[in-house]
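Trainee: Going down the list, the sequences are from chains A and B. In terms of UniProt numbering, the first sequence opens at residue 1 and continues consecutively. In terms of UniProt numbering, the second sequence opens at residue 1 and continues consecutively.
Hint data in this document are derived by calculation from the structure and do not stem from the laboratory. Possibly wrong hints are sitting among the right ones.
Which copy is meant is left open, so a pair is good if it fits within one copy or across any two.
Derived pair list, reagent style DMTMM-like, types lysine to aspartate or glutamate, alpha-carbon separation capped at 20 Å [as the list claims (entries may be wrong)]:
#1 K193 - D162
#2 K40 - E113
#3 K193 - D160
#4 K193 - E98
#5 K54 - D39
#6 K54 - D17
Number of protein chains: 2
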Amino acid sequence: MDQAVIPLGKPQPERADAARNRRHLLATAREMVAELGVDKVTMDRLAERACLGKGTVFRRFGTRAGIFRALLDDDETAFQQSVLSGLPPLGPGAEPVERLIAYGRARICFLYEHHALARAALDGNEPIPVGARNATQLHIRMLLGCAAHGAGEARLRGADLDTLAVQLTAALEAPMLLFLTAPRQRETPELIKRMADGWQDLVERVCG
Amino acid sequence: MDQAVIPLGKPQPERADAARNRRHLLATAREMVAELGVDKVTMDRLAERACLGKGTVFRRFGTRAGIFRALLDDDETAFQQSVLSGLPPLGPGAEPVERLIAYGRARICFLYEHHALARAALDGNEPIPVGARNATQLHIRMLLGCAAHGAGEARLRGADLDTLAVQLTAALEAPMLLFLTAPRQRETPELIKRMADGWQDLVERVCG
Numbered sequence: 001m002d003q004a005v006i007p008l009g010k011p012q013p014e015r016a017d018a019a020r021n022r023r024h025l026l027a028t029a030r031e032m033v034a035e036l037g038v039d040k041v042t043m044d045r046l047a048e049r050a051c052l053g054k055g056t057v058f059r060r061f062g063t064r065a066g067i068f069r070a071l072l073d074d075d076e077t078a079f080q081q082s083v084l085s086g087l088p089p090l091g092p093g094a095e096p097v098e099r100l101i102a103y104g105r106a107r108i109c110f111l112y113e114h115h116a117l118a119r120a121a122l123d124g125n126e127p128i129p130v131g132a133r134n135a136t137q138l139h140i141r142m143l144l145g146c147a148a149h150g151a152g153e154a155r156l157r158g159a160d161l162d163t164l165a166v167q168l169t170a171a172l173e174a175p176m177l178l179f180l181t182a183p184r185q186r187e188t189p190e191l192i193k194r195m196a197d198g199w200q201d202l203v204e205r206v207c208g
Numbered sequence: 001m002d003q004a005v006i007p008l009g010k011p012q013p014e015r016a017d018a019a020r021n022r023r024h025l026l027a028t029a030r031e032m033v034a035e036l037g038v039d040k041v042t043m044d045r046l047a048e049r050a051c052l053g054k055g056t057v058f059r060r061f062g063t064r065a066g067i068f069r070a071l072l073d074d075d076e077t078a079f080q081q082s083v084l085s086g087l088p089p090l091g092p093g094a095e096p097v098e099r100l101i102a103y104g105r106a107r108i109c110f111l112y113e114h115h116a117l118a119r120a121a122l123d124g125n126e127p128i129p130v131g132a133r134n135a136t137q138l139h140i141r142m143l144l145g146c147a148a149h150g151a152g153e154a155r156l157r158g159a160d161l162d163t164l165a166v167q168l169t170a171a172l173e174a175p176m177l178l179f180l181t182a183p184r185q186r187e188t189p190e191l192i193k194r195m196a197d198g199w200q201d202l203v204e205r206v207c208g
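Just chain A, same shape as in the assembly (with noise of 0.2 Å):
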């Protein structure tokens, strides 16, 4: 339906051009982030810029903030990629507690350098994606079941590891989302080390 409201005015692209084209556009849109912020994104300078008629940019996103939520999903795969076959400890090969500090810490890095985009990539009618928050607690449910089958753990052994990786995605997110909602501070950084070492302790005590 959508090719009939807003005709492209050349022939049905092959699926290898809209991959192409896809490519161009997460690209583009990046690269204006990077320069412009977000706030400067729109669907016609990202069509002017990508050289690409409106139309294909308005069928790739839907909305503006289908073009953050690509890049967003873009960026998400990378880092599940990076934490499935990534160099340890985030990526396989270390002790499973150990992996569990680095996924917490690289996560609250991740979702620090990635807020101004996650907030624009929701809009009012969408529902907030769960996707990532689901595979932060798969992940962090998967160590706590290795780390209580392991050698050294003794002490998860008998735990509820369904319960345990709730509440340990949710004091892993909380204290992010706390900040990523109040206004912006100056000591930014204090803060990411502050939560990041907040996880790391928190770990440590839970499993340690």
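Based on these hints, arrange chain B on the given structure of chain A.
Mentor: Chain B alone, transformed into the frame defined by chain A:
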């Protein structure tokens, strides 16, 4: 201004009358919720059952959601009262860690018993009230402070208690929030017990 919009048809009530009306309306609304369920309570039915004018009900509560917000406020006040000056271990007189465990267990029950009311108290135009959450976080922070300075709990000394209070508040509320927004389960009492046990386990790991 609301006085002008909906005339009472009787003289402006005394301050004591207003207070009596308020108590009478809340008691009537509470009866209706218990008998009929939240969904059946409307401004019109409440006015009829309370034998008061619709204008009185309207001025008191503003919207239908306002009825449930007033009931919830009333119960929150009673809950906080039992925390501040009730019997131990919820009230003063027990060890801080014991009080922390008792607080979470009592809070889980409170949230469970009030979930229909809390949902009905939200309407689309009002921000989600954060007062109760702040009370929980303040209380947890206070008990952590007592525990850190107490004789028995050397484990908490040197911890970042502000961050820990945010983490524990989130860990207390998140499982409950997930439960309350999920489709109703059959094994509710087991789940509530599991959450309460999970809270106790977390507190013992962190502070014990």
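Trainee: Confirm or reject each hint.
Mentor: Quick rundown of the hints versus the structure:
For the homomeric pair K193 and D162, the shortest alpha-carbon distance between copies (14 Å) is at most 20 Å, but the shortest distance inside one copy (28 Å) is not. Taking the shortest alpha-carbon separations for K40 and E113, only the intra-copy value of 18 Å comes in at or below 20 Å, while the best inter-copy value is 47 Å. Taking CA atoms no more than 20 Å apart as the test, K193 paired with D160 passes between copies only; the shortest distance there is 12 Å, against 29 Å inside one copy. Taking the closest pair of Cα atoms, K193 and E98 come within 20 Å of each other only inside a single copy of the chain (17 Å); across copies the shortest separation is 31 Å, beyond that limit.
For a Cα distance limit of 20 Å, the shortest separation of K54 from D39 inside one copy, 19 Å, qualifies, whereas the shortest one across copies, 47 Å, does not. For a Cα distance limit of 20 Å, the shortest separation of K54 from D17 inside one copy, 16 Å, qualifies, whereas the shortest one across copies, 65 Å, does not.
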